[in-house]
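Start from the sequences and build out the full structure, keeping to the hints where you can.
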Amino acid sequence: MMKTIMAAGLAAILGACLPTAPQHLASPADPTIGTRSIVTPRVTAGVVPFEVTGPKDWHEINRQVAPKPTE
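With the numbering used here applied, the sequence shown corresponds to residues 273 to 343, in that order.
Be aware that a few hints might be false.
For each label pair, taking beta carbons as the anchor points, the in silico distance ranges come out as [to be verified]:
1. L282 <-> I305: 31 to 39 Å
2. V319 <-> P339: 38 to 46 Å
3. A317 <-> V337: 19 to 27 Å
4. A338 <-> A317: 27 to 35 Å
5. M273 <-> T312: 32 to 40 Å
6. A317 <-> L282: 36 to 44 Å
Simulated from the structure, these hints should not be mistaken for lab results. Small disclaimer: the values here were computed from a predicted structure and weren't measured. Where is the CB? At the ideal position from N, CA and C, for every residue including glycine.
Right under this line is the structure:
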């Protein structure tokens with residue numbers, strides 16, 4: 273019982289030594305404080321449209337995607 277009372281007293285004493293809260297945290301509902309605007313990216317950003325194409329020469333397609341020879 274004595275340990276509990278001493279622990280509570282020590283917590284109260286140490287709690288009194290804490291610095292006060294910064295002003296920007298103390299009044300979060302202050303309407304004069306500016307905020308950053310919210311920037312939301314477009315949902316379709318970076319989407320590449322794929323369309324149906326006709327048949328192509330597979331030899332040329334393979335040359336386009338093949339690793340380039342080192343010189």
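Status of each hint after checking the structure:
1. L282 <-> I305: 31 to 39 Å: holds (37 Å)
2. V319 <-> P339: 38 to 46 Å: violated (28 Å)
3. A317 <-> V337: 19 to 27 Å: Given a distance of about 26 Å, which is inside 19 to 27 Å, the answer is holds.
4. A338 <-> A317: 27 to 35 Å: At 31 Å between Cβs, range holds.
5. M273 <-> T312: 32 to 40 Å: violated (57 Å)
6. A317 <-> L282: 36 to 44 Å: violated (56 Å)
When each numbered hint is compared with the structure, violations occur for hints 2, 5, 6.
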